[in-house]
Amino acid sequence: MKKYLNPKELPSLPSAGKTKKETNEKVSFFETVFKIARTVPRGRVTSYGAIADASGLKLTGRMVGWAMNAAGNAKPAVPAHRVVNSKGELSGRHHFATPTLMQELLEQEGVVVKEDKIANFKAVFWDPGQPTPKKSIKKKA
DNA sequence: AGTCTGACCTGAT
DNA sequence: GATCAGGCCAGAC
22 MKKYLNPKEL
32 PSLPSAGKTK
42 KETNEKVSFF
52 ETVFKIARTV
62 PRGRVTSYGA
72 IADASGLKLT
82 GRMVGWAMNA
92 AGNAKPAVPA
102 HRVVNSKGEL
112 SGRHHFATPT
122 LMQELLEQEG
132 VVVKEDKIAN
142 FKAVFWDPGQ
152 PTPKKSIKKK
162 A
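With the first letter of the first sequence counted as 1, position 138 gets the number 159 in this note's numbering; the numbers rise by one all the way through.
Straight-line alpha carbon distances no greater than 20 Å define the calculated SDA-like cross-link-like pairs of lysine to any residue that follow:
{"id": "1", "residue 1": "Lys143", "residue 2": "Glu128"}
{"id": "2", "residue 1": "Lys135", "residue 2": "Leu122"}
{"id": "3", "residue 1": "Lys135", "residue 2": "Asn106"}
{"id": "4", "residue 1": "Lys138", "residue 2": "Gly113"}
{"id": "5", "residue 1": "Lys108", "residue 2": "Phe142"}
{"id": "6", "residue 1": "Lys79", "residue 2": "Gly150"}
{"id": "7", "residue 1": "Lys135", "residue 2": "Phe117"}
{"id": "8", "residue 1": "Lys138", "residue 2": "Gly82"}
{"id": "9", "residue 1": "Lys79", "residue 2": "Glu52"}
{"id": "10", "residue 1": "Lys138", "residue 2": "Pro62"}
{"id": "11", "residue 1": "Lys96", "residue 2": "Arg59"}
{"id": "12", "residue 1": "Lys56", "residue 2": "Gly70"}
{"id": "13", "residue 1": "Lys108", "residue 2": "Pro120"}
{"id": "14", "residue 1": "Lys135", "residue 2": "Arg65"}
{"id": "15", "residue 1": "Lys96", "residue 2": "Pro62"}
By construction, these hints were calculated from the structure, which means they are not laboratory data.
Computed from a prediction, not measured in an experiment: that's the story for all the values here.
Whenever a hint applies, use it, and build me the whole structure from the sequences.
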């Protein structure tokens, strides 16, 4: 539930990367997430958790989704539409320019979306940490 | 410095 | 099998 009683605006969003001192060479985890997100080939989708794990950092699914927010501001554009939750649902579709844009983009890439969910999620799933999917979607350590 | 949020995930009931 | 609750890290007020 949102407690934003004050309609000031959306909850502060990091400046798409350079939140602190951009003068510092230390890059934000945002770029890391973007880089992995771009690793997903066309027609494939991945999950937030997978990116978080593949990032090598201690990032969690929330951080990934959060970073995806800045994805729209990142350049080149990050294929956030290829990133869904572990259930294969287009959880972030509502955050796109239009709630249907995400599905449209996926369909354009050949991904079958049904009821805001990836039809053959297991089939189109792509693990950034394991580019050679055999059969197991879960890649427990 | 403390609090709250966040496009989530996993385990437990 | 479905629903509930907790936990996770990082950033902004």
